[in-house]
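Peer 1: Fit chains E and B to the given chain G structure using the hints.
Protein chains in written order, with the working numbering: chain G, 1 to 359; chain E, 1 to 116; chain B, 1 to 337.
These aren't lab readings, by the way, just hints derived from the structure by calculation.
Among the hints, erroneous ones may be present.
Using C-beta positions, here's what the derived DEER-type ranges look like [claimed, not checked]:
1) Gly-170(G) x Ser-24(E): 19 to 25 angstroms
2) Tyr-356(G) x Asp-13(E): 29 to 35 angstroms
3) Gly-94(E) x Ala-192(B): 25 to 31 angstroms
4) Arg-46(G) x Ala-145(B): 36 to 42 angstroms
5) Thr-169(G) x Glu-117(B): 31 to 37 angstroms
Positions of the beta carbon are idealized from the N, C-alpha and C atoms, including for glycine.
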Amino acid sequence: MKKEGKEYIWKDYQKEIAEDKYFYVRSCVRQNFFPGSEWAFQKILREELKKDLFENAAHTSCTGIGYHTEIVPFETMMTVVARQFALMTEAGYEHFVSSCITSFGIYSEILETWEHFPETEARAHQYLKEATGRDFIKPKNLAHTGDIIYKFRKEIVAKGKYRLVHHQTGEPLKIVEHIGCHYSKMFPHRGIGGAEYPYVLVGMIEDWGGKVVDYPERRHCCGFGFRQYIVRANRGYSIACSRKKFESMEPYHPDAILTNCPGCPMFLDRWQYAISEMEGKTYGENGHGIPVLTYEELAGLVLGYDPWDLGLQVHQVPVEPLLDKIGIPYDPSKKFLGKDGRDLGRPEAPHFLKFYKES
Amino acid sequence: MKKDKWGYGIHPDRQIDLDNANLSLLELVRQSEPSYNLCIACGSCAATCTAGNLTTISLRRINIYLQRGMIKELREEIRRCMLCGKCYLACPRGVNTRHVIIAIHEALKATGYEEL
Amino acid sequence: MRQVVIIGGGVAGLEAAGFLGKMGHQVVLLEKEKAVGGHVGKWDRLFPNRRQGSEVMDFIRKKMDEKVSIITEAGIKSIDTSPDGYAVVLTNGEAIRADAILLATGFELFDARKKEEYGYGIYDNVITSADLERIFREEGKITTADGQAPQKVAFVHCVGSRDEKAGNVYCSKVCCVTGVKQAIEVKEMMPAAKVYSFYMDIRMFDRHFEELYIEAQQQGITFIRGRLSEVYEDQGKVQCKVEDTLTGKPMKVTVDLLVLLVGFMPSPETKRLAGMLKINIGSDGFVLPIDGHISQNETGVPGIFLAGAVTGPKCIATTLSDARSAALQIDQYLKTK
Chain G
1 MKKEGKEYIW KDYQKEIAED KYFYVRSCVR QNFFPGSEWA FQKILREELK
51 KDLFENAAHT SCTGIGYHTE IVPFETMMTV VARQFALMTE AGYEHFVSSC
101 ITSFGIYSEI LETWEHFPET EARAHQYLKE ATGRDFIKPK NLAHTGDIIY
151 KFRKEIVAKG KYRLVHHQTG EPLKIVEHIG CHYSKMFPHR GIGGAEYPYV
201 LVGMIEDWGG KVVDYPERRH CCGFGFRQYI VRANRGYSIA CSRKKFESME
251 PYHPDAILTN CPGCPMFLDR WQYAISEMEG KTYGENGHGI PVLTYEELAG
301 LVLGYDPWDL GLQVHQVPVE PLLDKIGIPY DPSKKFLGKD GRDLGRPEAP
351 HFLKFYKES
Chain E
1 MKKDKWGYGI HPDRQIDLDN ANLSLLELVR QSEPSYNLCI ACGSCAATCT
51 AGNLTTISLR RINIYLQRGM IKELREEIRR CMLCGKCYLA CPRGVNTRHV
101 IIAIHEALKA TGYEEL
Chain B
1 MRQVVIIGGG VAGLEAAGFL GKMGHQVVLL EKEKAVGGHV GKWDRLFPNR
51 RQGSEVMDFI RKKMDEKVSI ITEAGIKSID TSPDGYAVVL TNGEAIRADA
101 ILLATGFELF DARKKEEYGY GIYDNVITSA DLERIFREEG KITTADGQAP
151 QKVAFVHCVG SRDEKAGNVY CSKVCCVTGV KQAIEVKEMM PAAKVYSFYM
201 DIRMFDRHFE ELYIEAQQQG ITFIRGRLSE VYEDQGKVQC KVEDTLTGKP
251 MKVTVDLLVL LVGFMPSPET KRLAGMLKIN IGSDGFVLPI DGHISQNETG
301 VPGIFLAGAV TGPKCIATTL SDARSAALQI DQYLKTK
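Next comes chain G alone, as it looks inside the complex (with noise of 0.2 angstroms):
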């Protein structure tokens, strides 16, 4: 593998990402998934980072998953999306950040079409004013909030108390990295690093001390894909797929994986326990599974943060290997405790992945 071939197709595909005073939207379904990283990305960009992050709680999901299983229409979607821009034109904002990849597809989908049909653009602010009385400006910047930690990975780690290293080898940590299709698969130049060898989340483990993983099947699909799991029938392609993956970088033997989408971890998380209780195979050592992460998540552990306020107790596939190796405290005891201090109690064991440290 050579590196300068890489460096040849990223410098190709560099964006402006702004440097302050962001409007953020989240995701409409990274609360459930993983309910931390965004908690982890407004503390970062507010207390780590001193940024200016804006939220206006009358924001609403993009309908994006609405538009692609085909429910909401383009022209509903865009006035949806119109009202977000608006939300920010009025609290005096200029750069959109978007905490979710579906979402950012969308709102890049709308401003490429805005951008060469004028004319759905003028639709767009008249269906605004009918139904809202509102009026918008575009933003000047849009960026995915990965792009945002991606802009500020080097200062994270230099504010940070561990690298992705083995604590006791020194050895730099395995990670595949995954990107969500619509970061820059639709529009390639609004990706950091392209389509085919996309360079945000390999910069943060890199600068963050670990190594990529360079897997044959790292271009295939993470299992999600709206049409084959929203529709049941559909979900053996799905999890088939996740599968494909996991035997492909099973011989790389992976400290864990790395996401930039909310669709990502959450099947190459779950699926990895499906696989385990119908065919009994799991893809860690010992019988563990993968570690999946966000990178909100896997900055938040560079940055010390502690792995419960992250949120990692509700992975599907336990994430103390990973710790263990970094070398980042944990006390199992308060693992499934609410954040009001009350015993949640513990889940279920699942029959073949390995879930529990003692079991």
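Peer 2: Coordinates of chains E and B only, in the frame set by chain G:
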């Protein structure tokens, strides 16, 4: 596969893995009938085939099964040939197609796959 | 004496220079590189009979006499109209009188890095057909990046050709036969190696080409009908994903060395000069002659002629005929001028 619990299973992979394909029969057929190599998959053999107009048999497809090591499909398909040799007349590359069929039968026997 | 300026010192420009000299004209040949010879000068053996490329170059060079002067590393600043023809002004300020100009600026090979999914320049064991010729010529032995003899080699047809995403809808014509020739050469060098060819159509358009294809089949080269979709590196090996269109199934093949058969691109210099000379360029980027059937060498601009791959992909034999045809047309033009 515990399908009941889930309502779906894991779809089997359709991908041909040529790295691990069983090409033992192909080698035997190539040695026995060197003209076999000259096939360009034009399909004139299958178009003219008497049996092919009545059943699913296609010599073009049989050839590709052989080349991809798809022995189960090959064995199933080849039974339908009546060895009339009309395909030999049609082949533009001069492949001795009738002998190819015989060579495949012999190779199936030699490798023991005929019995499976 | 009339003077002709030929721009481009590949086989087209050189052959036309030789003929025009013999016809009694003064010729100045401009070449942007350090040496003339173009792409053929860098090739090892030629299809379909695998003779040395240098033999053809020697044949062409022998025809050139004192009437032909060659200026290498020549950059063209401008081409000005003068009362009796043109003045070609070089970047060093020198102006060369021209009663006629022959544009023989040829082609450049498709930059395989643009097909990002094939990993050229990234994966260690992905090379181009031009790299393989250099290996044949300079090294005489094929090895993978770690110095081993490859056991499996695959050729990929239509890299940068018949590919709208790469900006080229056209067929580059010569890559099919080049790929078949190179596959045979690899098989001859390493008889135990498995050799694959991923193709969409095998386009053997000229005399003795189909026979070369038959020879490749006889040597046991495996032709797989399907366009390569993507490539991965797996511990130094190259994993290829393709649809085996004859079974209608996706297929995975792992090889030690992957050779990309890169197509023709119009050279950027052609575009620049065509702009200066106000001659027409087609949507494919190659120069349009005034008539594709009967006036291949004429541009419609008096005194400006065309030869070789400047008007689209051509093999060597066709290029040489085209160059002679251009020389004849220029001779006629100068006689009646």
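Peer 1: Now tell me, hint by hint, if it's right for this structure.
Peer 2: Going down the list of hints, with the structure as the test:
1. Gly-170(G) x Ser-24(E): 19 to 25 angstroms: Given range 19 to 25 angstroms: violated, Cβ gap about 49 angstroms.
2. Tyr-356(G) x Asp-13(E): 29 to 35 angstroms: holds, 33 angstroms
3. Gly-94(E) x Ala-192(B): 25 to 31 angstroms: Cβ of Gly-94(E) to Cβ of Ala-192(B): about 28 angstroms, so the range 25 to 31 angstroms holds.
4. Arg-46(G) x Ala-145(B): 36 to 42 angstroms: Hint violated: Cβ distance 48 angstroms, outside 36 to 42 angstroms.
5. Thr-169(G) x Glu-117(B): 31 to 37 angstroms: The hinted range 31 to 37 angstroms holds for Thr-169(G) and Glu-117(B), with Cβ atoms some 35 angstroms apart.
Hint compliance for this structure: hints 1, 4 are not met, and every other hint is.
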